[in-house]
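Read off the chains here:
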Amino acid sequence: MICDRPRYPPNVTAAASSDADLISAHAAGDPYAFSELVKRHRDRMWAVALRTLRDPEEAADALQEAFISAFRAASSFRAESQVTTWLHRIVVNACLDRMRRRQTRPTVPLPEAGPGEPVAPRDAMSDRETSLMVQQALMELPEEQRAPIVLVDVEGYSVAETAQLLGIAEGTVKSRCARGRAKLAKVLGHLRNRIADANVPADGVNVQEQRQWEGR
Amino acid sequence: MTGMERVPMGPPWSLDLIADLHAGVLPPEVAAQLRPRVEADAEAREVLQALDATLEDLQALPPIPMPDDVAARIDAALAAEARPAAPVVSLDEARKRRNRRLGLGGGVLVAAAAAFGVVLAVSPGGKQADTPGDAAPAPTSNSNVSAPLSVRGDNLGAAVGDVLKAQNYGPLETQDRLAGCLQGGGIASTSKPLGISPINLDGKDAVMAILPAGVVGQFRLVVLDPKTCGPDKPEGVLADTTIKPR
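Heads up: the sequence lines are chains G and E, in that order. Each residue of the first sequence is one higher than the last, beginning at 327 in this note's numbering. Each residue of the second sequence is one higher than the last, beginning at 1026 in this note's numbering.
Keep in mind the hints are simulated off the structure, nothing from the lab. None of these values were measured; they are calculated from a predicted model. Ideal Cβ placement from N, Cα and C applies to all residues, glycine included. Incorrect hints may appear among the rest.
Cβ pair distances, simulated, as ranges [said to hold, decoys possible]:
1) A1067(E) with Q408(G): 40 to 50 Å
2) R518(G) with T1215(E): 48 to 58 Å
3) P1037(E) with S484(G): 42 to 52 Å
4) A1065(E) with D345(G): 41 to 51 Å
5) R398(G) with A1065(E): 56 to 66 Å
6) H367(G) with E1198(E): 33 to 43 Å
7) A353(G) with A1065(E): 54 to 64 Å
8) R427(G) with E1198(E): 19 to 29 Å
9) Q1058(E) with A495(G): 34 to 44 Å
10) P382(G) with D1201(E): 16 to 26 Å
11) S484(G) with K1217(E): 38 to 48 Å
12) R1031(E) with G493(G): 21 to 31 Å
13) H367(G) with R1070(E): 37 to 47 Å
Below 25 Å or equal to it, Euclidean Cα-Cα: the simulated DMTMM-like pairs (lysine to aspartate or glutamate) are [said to hold, decoys possible]:
14) K1190(E) with D347(G)
15) K1217(E) with E384(G)
16) K365(G) with D347(G)
17) K1190(E) with D369(G)
18) K1190(E) with E362(G)
19) K365(G) with D1094(E)
20) K1229(E) with E1198(E)
21) K1217(E) with E469(G)
22) K365(G) with E1068(E)
23) K1258(E) with D1230(E)
24) K365(G) with E1198(E)
25) K1190(E) with E455(G)
26) K1217(E) with E1198(E)
27) K1217(E) with E391(G)
28) K1190(E) with E469(G)
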């Protein structure tokens, strides 16, 4: 008697399977393996997409595109890189593509406050309020600064990984993070007015010099 | 040239320069010279502390869980992708029986299908639209002004991915109107569809909606005729089928 045998281990989508196991199972035809992989990582991917793109509809579209693209490419995945890094790269690329396509977008206005003035007394705010304020300030950053800040400072990726994900030099990642953090420090009220307002380029540090450092 | 000669070694330093030092942008030899001087200056030290506090704020941002409706939509898209040749569950037998009782020949979809789509019996004149071929998806968009997605009745499934990305009620205009049309087909739906878009179904204006099927991993694909659908008008439901893994 010939029995139909599944082409994939029947329990491969169990919680104990590694990401690499799930990719292998997906390549072998397990119809549930890829969905399981997505379920494991979707919250983190959603946070990246939402914080990068700022618009929930766009974030959802970008993620859907990214996951479908990853689904189709998964059979050619090679184990040289971590599954999460690979998946994250696809998501980040989908977000960057959308950012490039739209170029400009109206920004969410911040509450009325001078540069360097705290929007509210920090010690009087709850954690939730602080998070909202930080999130809002993050939305105010130019896209080229926001993406590296989200990846490095919020999501905890290394500068090298972020450079790889964004396709830019490590020095550029550091430089954009530096600019973004300086702006956030002002908006979040960590800097006194006098210091924040004194933010003028240092004599002799020109753009060419800056680019030279960024390339490192 | 290291750039050292271009960096001021005494205060006041710009915020950008201190932020560069803080982020490791400066060449190591420049940073090594500059850091002790910056740390010895009270005002510059305040800037470093402000940058540290900013980093702490960013690192403390809470995770953002994916909303259920987005998760369901992505699950549906992946289910569609996973089942390129999966048979689709037939129309609900009860509704078919009821429709037969009502004598609804025209416009009723009989799902039997391949390619994650369905074979439609779009039969206003009793003629079965069974021409093989792929859907011819037009560029899709959430915009109300774009041309509707062109879909062939023998391959409805080809449109699922695009419809899942849209929340465009088209001629139905509102979720309430959609609910009324669904009610006409005996479909109870109180939640927002996972995706909805006007389509051009074999030359006829229609609206495709994808709904949760109430079972994990399954989704309901409904095609409505916006001109005729409504409460107590089952003839306005052109297609109703369930998408599920094989």
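Quick rundown of the hints versus the structure:
no.: 1; hint: A1067(E) with Q408(G): 40 to 50 Å; in the structure: 44 Å, holds
no.: 2; hint: R518(G) with T1215(E): 48 to 58 Å; in the structure: 53 Å, holds
no.: 3; hint: P1037(E) with S484(G): 42 to 52 Å; in the structure: 32 Å, violated
no.: 4; hint: A1065(E) with D345(G): 41 to 51 Å; in the structure: 48 Å, holds
no.: 5; hint: R398(G) with A1065(E): 56 to 66 Å; in the structure: 57 Å, holds
no.: 6; hint: H367(G) with E1198(E): 33 to 43 Å; in the structure: 37 Å, holds
no.: 7; hint: A353(G) with A1065(E): 54 to 64 Å; in the structure: 59 Å, holds
no.: 8; hint: R427(G) with E1198(E): 19 to 29 Å; in the structure: 28 Å, holds
no.: 9; hint: Q1058(E) with A495(G): 34 to 44 Å; in the structure: 23 Å, violated
no.: 10; hint: P382(G) with D1201(E): 16 to 26 Å; in the structure: 22 Å, holds
no.: 11; hint: S484(G) with K1217(E): 38 to 48 Å; in the structure: 39 Å, holds
no.: 12; hint: R1031(E) with G493(G): 21 to 31 Å; in the structure: 29 Å, holds
no.: 13; hint: H367(G) with R1070(E): 37 to 47 Å; in the structure: 40 Å, holds
no.: 14; hint: K1190(E) with D347(G); in the structure: 29 Å, violated
no.: 15; hint: K1217(E) with E384(G); in the structure: 17 Å, holds
no.: 16; hint: K365(G) with D347(G); in the structure: 15 Å, holds
no.: 17; hint: K1190(E) with D369(G); in the structure: 19 Å, holds
no.: 18; hint: K1190(E) with E362(G); in the structure: 21 Å, holds
no.: 19; hint: K365(G) with D1094(E); in the structure: 14 Å, holds
no.: 20; hint: K1229(E) with E1198(E); in the structure: 18 Å, holds
no.: 21; hint: K1217(E) with E469(G); in the structure: 31 Å, violated
no.: 22; hint: K365(G) with E1068(E); in the structure: 48 Å, violated
no.: 23; hint: K1258(E) with D1230(E); in the structure: 17 Å, holds
no.: 24; hint: K365(G) with E1198(E); in the structure: 33 Å, violated
no.: 25; hint: K1190(E) with E455(G); in the structure: 32 Å, violated
no.: 26; hint: K1217(E) with E1198(E); in the structure: 13 Å, holds
no.: 27; hint: K1217(E) with E391(G); in the structure: 21 Å, holds
no.: 28; hint: K1190(E) with E469(G); in the structure: 23 Å, holds
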